[in-house]
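Colleague: Next come the chains, spelled out residue by residue.
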Amino acid sequence: MIRYIIRRLVGAILVVIVISMMTFGIFQIGPKLSGASPAYLYVGKVSTPAQVLRVEKRLGLDKPLVEQYWIYMKGIVAGRDFTDGDQVVDCPRPCFGYSFRLNTSVWELIKDRFPVTLSMTIGAAILWLVFGVSIGVLSALRRGSFFDRAAMVVALAGVSLPVFFTGLVLLSIFSYGPSWLQWFPNVHYVAFTENPAEWAHNLILPWVSLAFLFAALYARFTRANMLETMSEDYIRTATAKGLKRRTVVARHGLRAALTPIVTIFGLDLGALLGGAILTESTFSFPGLGLLSYNAISAQDLPIILGVTIIAAIFIVVANVVVDVLYAFIDPRVSVS
Amino acid sequence: MTVVQDQAGSYRVEGPKAFLDVRDLHVTFPSEDGKVSAVAGLSFQVERGQTLGIVGESGSGKSVSSQAILGLHKGTRAEVTGEIWLDGEELVAMSSQQMRALRGNKVAMIFQDPLSSLHPFYSIGQQIIEAYRVHNKVSKADARKRAIEMLDRVGIPNANKRVDEFPHQFSGGMRQRAMIAMALVNNPALLVADEPTTALDVTVQAQILDLMKDLQREFNSAVVIITHDLGVVAEVADKVTVMYAGRCVEQGLVRDVFYRPQMPYTWGLLSSMPRLDRERKSRLDPIPGTPPSLIDIPPGCVFNPRCTHQAAVEAEQGAPICRTDSPALVEYTDGHLVRCHLTTEQRYHIWNDEIKPKL
Chain A
1 MIRYIIRRLV
11 GAILVVIVIS
21 MMTFGIFQIG
31 PKLSGASPAY
41 LYVGKVSTPA
51 QVLRVEKRLG
61 LDKPLVEQYW
71 IYMKGIVAGR
81 DFTDGDQVVD
91 CPRPCFGYSF
101 RLNTSVWELI
111 KDRFPVTLSM
121 TIGAAILWLV
131 FGVSIGVLSA
141 LRRGSFFDRA
151 AMVVALAGVS
161 LPVFFTGLVL
171 LSIFSYGPSW
181 LQWFPNVHYV
191 AFTENPAEWA
201 HNLILPWVSL
211 AFLFAALYAR
221 FTRANMLETM
231 SEDYIRTATA
241 KGLKRRTVVA
251 RHGLRAALTP
261 IVTIFGLDLG
271 ALLGGAILTE
281 STFSFPGLGL
291 LSYNAISAQD
301 LPIILGVTII
311 AAIFIVVANV
321 VVDVLYAFID
331 PRVSVS
Chain B
1 MTVVQDQAGS
11 YRVEGPKAFL
21 DVRDLHVTFP
31 SEDGKVSAVA
41 GLSFQVERGQ
51 TLGIVGESGS
61 GKSVSSQAIL
71 GLHKGTRAEV
81 TGEIWLDGEE
91 LVAMSSQQMR
101 ALRGNKVAMI
111 FQDPLSSLHP
121 FYSIGQQIIE
131 AYRVHNKVSK
141 ADARKRAIEM
151 LDRVGIPNAN
161 KRVDEFPHQF
171 SGGMRQRAMI
181 AMALVNNPAL
191 LVADEPTTAL
201 DVTVQAQILD
211 LMKDLQREFN
221 SAVVIITHDL
231 GVVAEVADKV
241 TVMYAGRCVE
251 QGLVRDVFYR
261 PQMPYTWGLL
271 SSMPRLDRER
281 KSRLDPIPGT
291 PPSLIDIPPG
301 CVFNPRCTHQ
311 AAVEAEQGAP
321 ICRTDSPALV
331 EYTDGHLVRC
341 HLTTEQRYHI
351 WNDEIKPKL
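Chains A and B supply the protein sequences, listed in that same order.
Each residue of the first sequence is one higher than the last, beginning at 1 in my numbering.
Each residue of the second sequence is one higher than the last, beginning at 1 in my numbering.
Keep in mind that the hints are not guaranteed to be accurate.
[What the hints assert, rightly or not] Partial chain A-side listing against chain B, Cβ under 8 Å, derived:
1. Arg-8
2. Lys-32
3. Ala-327
4. Pro-331
[To be verified] No more than 20 Å apart at the CA atoms, straight line, and that leaves these computed lysine to any residue pairs for SDA-like:
5. B:Lys-140 to A:Asp-233
6. A:Lys-244 to B:Lys-140
7. B:Lys-74 to A:Arg-246
8. B:Lys-74 to A:Arg-220
9. B:Lys-74 to A:His-201
10. A:Lys-244 to B:Ser-96
[To be verified] Stretch-level coverage of chain B by chain A, calculated; a stretch enters the list once three of its residues show a Cβ under 8 Å from a Cβ in chain A:
11. 104-110
12. 131-145
These are calculated hints, taken from the structure and not from any lab test.
Ideal Cβ positions, reconstructed from N, Cα and C, are used throughout, including at glycine.
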């Protein structure tokens, strides 16, 4: 088992390295294809060639691509120094460089913004798991009932409506609506360490809008899985043993039906931790998603590069965790 | 011991005549296209220590009727009418609660595909222990001992090690043995086996049938074995019921039905079976046509669209009654029941002159 985990981890590290090469390559080569040095993005539209050359030299953009990549990766692992004339700026590890626009360390920005994304994702994940899965199971067990049909209509709406729509509707009702409905006025992020009650109060609307979409997806997925499982032969065997219906459903049905949900949950969680761009933008929550959204608008390459690599790491790690969990859950998964 | 298709009402007052006494069983399923009459008027009796084989094509209602015996249609949309008497208790009218107490305990079932019928996430031992503990208040350790004992009894080597293995680690034959161990763990008085050998290799089939025969002798249980394989019936059954489109078309002792079959459908089944001990013919003789839709059952005899002997009936009766009147299940000899419009004399000649020589 330990060998299996180690092997998976080594594979994951290789995947992250390949992803970093690709992102680095794309973001360095991209501007060059349009005939401009990435340094232009730093200096801005009003620039003289001399300024651009100076910036290129300072940021090391005049070196060959492979060497730049090496310096970048070394910066992440060991930190690096930026020299600006006679000034030396130390960038401690993990160094993802400095933002073109904000002139702050990318890592500091990520560290600063991540708790926002984490708060939003974890809360929403709990909501959507609880509601999505239980609604899906109940729908499957009462297939064709009023509950089932109503739940599936709502789920269809949930899947079809984008987060920025549900988010804005919620905001216009509970934040800007009639005074007796203004339960969440002036929604903004408050750190958990600052005031836990305010933290939760301000996060409810983002949680609900993000969870609505995922709960709808999970309800549909769970229902389909559960229906399929309950028609399996081994469910008939369990009934033929004389087990109570409840035991058949819980011990034999759910156990098999919920296993695939572990997979998609892990991957969804990993993907969202890299930034829930739409939800964060809708509610102006300064998480990783809003950071990368603004960085994209401002063509702030180091931030885009840094967040992309961090997001990729989350997804790859989630994959490994899911695979290892699976080896425990499903005895048919061979670890050798 | 006689089975007669009585007029409704007259037999309701009678108590059971055998250990398992199924009377006029009907199972219908509602569907969008109309009612599916999966079993219509099935009756049979099985004593302890006896084996009844139910044969028929796919969709002839074999499995549906066997599941009715376990009450597996309770709580579904299927409509079950008639009577199923097991050891003096009537099962059709029984509550789900009472039925659940019998299921797996007094009456157990073995299914066709042991791989899909065993839960992939639980070890063989866990599944047998669960079956034992539903009906017996014993500790896990005792139940485990019992599970190992049963696995050992059905011929699984190293039972105390293999008890912790999962279904996918067993071979097909071993899985079916484990299934049998699970079914027999509570010493059921009635064992219903739904195509227990269909998913297995031929060599393994024989072992499983032998095992079932041994265990039946040991536990003195009644066995209902459902199969489409006449060879299996010949091997293990004492009595046989031939089903077609949800109806019993011929029933009797195995030697009667096999050596003096009286119904054109049974003739068809026997003719379409390949035989090694006869000269190889260019082709087998399949029954022409396909089974009817159970929603739209043909009027008259259910087998009439595929029967090649209707002209003989018309010549004798002066009218094509096969297409209008449903023949009754009547006694041909003691305990040998047949549902056909051909006269006894005609059947004797057709069997002896036309069918038997070609087998």
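Colleague: All hints, please: hold or fail.
Modeller: Right, here's what the structure says about each hint:
1. Interface hint status for Arg-8 of chain A: violated, as the beta-carbon distance to the closest one in chain B is roughly 22 Å, over 8 Å.
2. At about 54 Å, the closest approach between the beta carbon of Lys-32 of chain A and any beta carbon in chain B exceeds 8 Å, and the interface hint on this residue is violated.
3. Proximity of Ala-327 of chain A to chain B is violated relative to the hint, the smallest CB-CB distance being about 13 Å (cut-off 8 Å).
4. For Pro-331 of chain A, the shortest C-beta to C-beta distance to chain B is roughly 4 Å, which falls under 8 Å, so the interface hint holds.
5. Using a Cα cut-off of 20 Å, the hinted pair Lys-140 of chain B and Asp-233 of chain A is violated, with the two alpha carbons roughly 26 Å apart.
6. Proximity of Lys-244 of chain A to Lys-140 of chain B is assessed by CA-CA distance (about 19 Å); at most 20 Å being required, the pair is judged to hold.
7. With a CA separation close to 15 Å, the supplied pair Lys-74 of chain B and Arg-246 of chain A stays within the 20 Å bound.
8. A distance of roughly 28 Å separates the Cα atoms of Lys-74 of chain B and Arg-220 of chain A; the hinted pair therefore is violated under the 20 Å criterion.
9. Restraint check for Lys-74 of chain B and His-201 of chain A: not satisfied, since their Cα atoms lie roughly 49 Å apart, outside the 20 Å limit.
10. The straight-line distance between the Cα atoms of Lys-244 of chain A and Ser-96 of chain B is roughly 10 Å, inside the 20 Å bound, and the hint therefore holds.
11. As drawn, the stretch 104-110 of chain B meets chain A at 4 residues by the rule of a beta-carbon pair under 8 Å; at three or more, the given contact holds.
12. With 3 residues having a Cβ less than 8 Å from any Cβ of chain A, the stretch 131-145 of chain B passes the three-residue criterion, so the hint holds.
Hint compliance for this structure: hints 1, 2, 3, 5, 8, 9 are not met, and every other hint is.
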